[in-house]
Amino acid sequence: MPMTIALAGNPNAGKSTIFNALTGSQQHIGNYPGKTIERKEGLLHLPNQQEAVVVDLPGTYSLTSFSAEEIIAREFILEAKPTAVVAVVDAANLERNLYLVVQLLEIGIPLILALNMCDVATKRGIEIDRSSLSRQLGNVPIVPLVGSQSVGIDELKAELQQFTTPLEGPNPITFPPLLERERVALSNLIEAEAVLTQYPSHWVALKLLEGDTDLSTKVPASIQEATAQAIQRIVESANEDPDILIADSRYALIGLWIQSAVHRHADTTITISDRIDRVLTHPVWGIPLFLAMMWLVFQFTANVSAPYVDWVGGVIEGPITHRADALLTALHLNQLWVRSLVVDGVIAGVGNVLAFVPVLVCLFLALAVLEDSGYMARAALVMDRFMRKFGLHGKSFLPLVVGFGCSVPAVYATRTLENETDRKITAFLATFMSCGARLPVYVLFGAIFFGRSAGNFIFAMYFTGIGVAVLTSLLMTRFVFRGKEAFPLMLELPPYRIPRATNVFHEIRTRTASFLENAGTLILAASFIIWLFLSIPMRPSGSFADVEAGDSLYGNVAQVMAPVFQPAGFGDWRASGALISGFVAKEVVIASLGQTYVGGEDGPAMTESVSAGDDLKMVGISLGDATLLTLQETINIVPRSLNWVPNVDIPEVALVPTADEEEDTLLEGALADAFTPISALAFNIFILLYIPCMATVGAMRHEFGTRWMLAQVLYTLVIAWAAAVLVYQVGSLL
Amino acid sequence: MSSLRQVLTLFEENRIPLTIEQVARNLDLDRGMAEGMVTFWVQKGKLRLRTVGCHTCGGNSGCPFMPKLADMYELTRIPVGACQNKNTG
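Note that the protein sequences, when read in sequence, are chains S and C.
Using this note's numbering, the letters of the first sequence map in sequence onto residues 47 to 780.
Using this note's numbering, the letters of the second sequence map in sequence onto residues 29 to 117.
To be clear, the hints were calculated from the coordinates, so they are not data collected in a lab.
Nothing false has been slipped in among the hints.
A short list of chain S residues far from chain C (calculated; beta carbon distances all over 10 Å):
1) I83
2) G105
3) A126
4) P334
5) V415
6) F579
7) T680
8) E698
So, partial list: chain C residues that the calculated Cβ filter (under 10 Å) puts toward chain S:
9) S30
10) S31
11) L57
12) D58
13) R59
14) G60
15) A62
16) E63
17) G64
18) T67
19) F68
20) R78
21) M100
22) E102
Facing chain C, from chain S, some residues (calculated, C-beta under 7 Å):
23) F112
24) N139
25) E141
26) R142
27) Y145
28) I290
29) A293
30) D294
31) Y297
32) R461
In this text, a Cβ means the ideal position worked out from N, Cα and C, and glycines have one as well.
Work the whole structure out from these sequences, hints included.
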């Protein structure tokens with residue numbers, strides 16, 4: 047009969063790699079009876095031609111009964127009684143891995159320790175005294191391995207070949223005397239009553255004292271009663287639950303083993319990451335480099351996505367609107383209000399927001415590359431030094447970075463701060479970080495009024511937000527929360543690496559999918575409500591869905607607010623209406639602008655019938671143009687960036703005739719007529735600084751109470767209005 | 029006090045979510061050991077893994093905008109007196 051060898055270990059300890067190296071192609075994969083957990087078996091040929099069946103047990107951290115994997119692993123070890131159990135441990139993370147080893151030793155099974163990933167441990171300066179560790183584990187053989195390179199596999203095979211009976215050694219596991227006494231008494235009782243005879247009684251006793259739910263249902267009432275009494279005595283005497291005492295004893299033992307068998311050397315080698323860090327996290331150059339990095343991100347985001355934004359916008363305004371119109375006619379649903387709802391409400395609202403998906407894809411791509419390369423953690427470190435100068439807690443940076451994505455989790459992320467004052471200040475400031483929902487607004491106005499400098503415009507908007515946050519922090523620490531001390535940020539910096547395509551695409555996919563989900567729910571609902579308010583006439587001359595926007599309920603409410611924004615240069619009721627709807631979510635600003643500036647107007651193609659074939663042709667041709675233009679803009683990022691340097695004039699590449707480059711969408715055309723560059727800038731400054739969306743306001747109230755939430759709403763409204771007026775008035779003088 | 033108990037006490041005293049690194053640093057433990065001890069309390073139902081994201085955007089797999097933050101753990105029940113500092117603004 048061949049010997050049976052079980053491989054046990056923590057998840058990610060490299061167990062499967064060793065299993066593959068031992069068994070080669072002679073594997074059988076099935077499931078454990080009644081479970082979906084994979085059971086892997088393979089045949090091992092030992093050097094002396096003896097055969098052994100190797101079973102790869104599920105990866106577990108312990109042998110309790112908390113998971114199906116743990117129960118399967120321990121039942122196999124206890125019931126199949128393998129000739130040997132090879133405990134595969136990660137040498138670079140020995141403390142965590144040894145917890146399972148202690149529990150294997152508690153069972154009293156023949157054990158071999160496979161010390162895997164020794165190369166990683168060595169790189170980290172971890173030196174393991176194998177003979178000392180072996181002695182302390184009760185003379186358990188230890189084989190060093192690098193499973194990924196098949197190093198040590200032959201030695202493991204040789205060890206298994208000569209492993210007939212384990213070497214006798216002292217039992218390494220000891221528990222506090224009180225616990226030990228109760229365990230022995232319970233073990234004797236289990237033996238006397240011949241309960242669970244297939245398992246070692248001392249192990250069953252230990253598990254029962256630990257409160258193992260699986261085993262306690264398998265023992266008779268008398269044993270259960272005796273266990274309950276033993277637990278009560280331990281709790282009364284030690285003032286602690288036995289499972290805590292047991293786990294603590296295991297950790298204490300591991301601590302002793304590590305102390306005597308593991309030596310850590312300070313890693314003095316200078317890695318490539320260290321060399322890069324000398325530049326990127328330099329106390330002086332770190333911040334300009336970070337700014338340059340972010341500038342490039344926004345150049346990339348604005349310029350590369352712009353052709354696709356125009357393309358998506360054109361497709362929505364043209365072919366999609368045509369087809370929707372044709373479908374409504376075919377279904378005899380072309381009554382005025384239905385057409386108005388679909389074309390002016392849904393397509394103009396949601397469609398205009400969807401046009402900015404390419405922008406977000408580009409931003410997510412750039413951020414995912416920076417994140418996966420390891421740079422973002424460095425950015426936190428660099429900015430921490432800067433922010434501490436303004437009284438901000440070092441840990442505030444993380445919630446503030448989260449704020450660049452969405453303000454709601456940023457408010458919740460302040461829970462990582464110990465001090466309530468720091469939490470309040472950080473949450474207050476996080477709303478000035480431009481969230482992802484504001485980006486489409488910047489991109490829209492940037493493309494209309496700043497052309498190829500749109501990237502600079504967006505970059506300026508983001509850093510205006512940071513600037514206002516810094517000023518607010520100074521004000522708050524000086525006048526509201528005095529004497530606050532700033533602490534440095536403690537960060538673990540991962541090594542730099544080339545971003546992995548799978549990670550980057552996963553990030554883009556999940557983030558974009560969520561934006562689309564938002565567009566299909568919240569923005570759709572908001573667009574419908576705005577359309578409804580735009581359809582309700584406030585004068586007798588109009589009827590439902592057949593009313594001038596300015597005479598609608600929406601128009602009338604917005605006109606009340608409009609004079610407030612006159613000094614800021616955007617006293618048009620359609621702009622103020624968009625700001626009101628932006629409280630729902632900042633993307634709704636675009637939807638609202640689309641509905642009021644474009645809704646009700648027929649696009650160029652609506653005036654004549656267009657065939658589906660022509661639409662399809664237009665989609666294909668414009669996609670080709672957009673792709674060429676994107677390629678051109680991507681190439682031109684380099685000369686355009688370098689041309690900022692005095693006396694440098696690198697010619698830009700032209701793949702598309704200039705006349706074909708700019709083709710405004712209906713919304714772009716309408717906004718170009720309604721705003722001037724300076725009023726557009728003031729409008730965007732207001733968008734950047736005014737009340738965050740209702741979800742963020744709700745989060746502020748939830749975390750800090752109504753007073754603090756109201757204070758923030760008031761402060762952001764005042765500062766946004768003041769800043770917009772200042773920009774417009776000063777800008778108009780220039 | 030036992031090391032395991034110290035881990036739970038750290039959460040009770042700080043009353044805020046903590047990362048494994050913070051636990052290890054505060055109690056001068058190896059990261060792997062701290063991770064195991066936190067897992068012990070999670071299995072005992074005293075601690076739980078806390079997600080920082082919110083559900084406002086409808087994303088199914090957590091918040092799409094969240095940068096990757098370290099996993100944080102928090103008490104499943106806040107001890108008496110822990111809310112004293114809340115909503116004082």
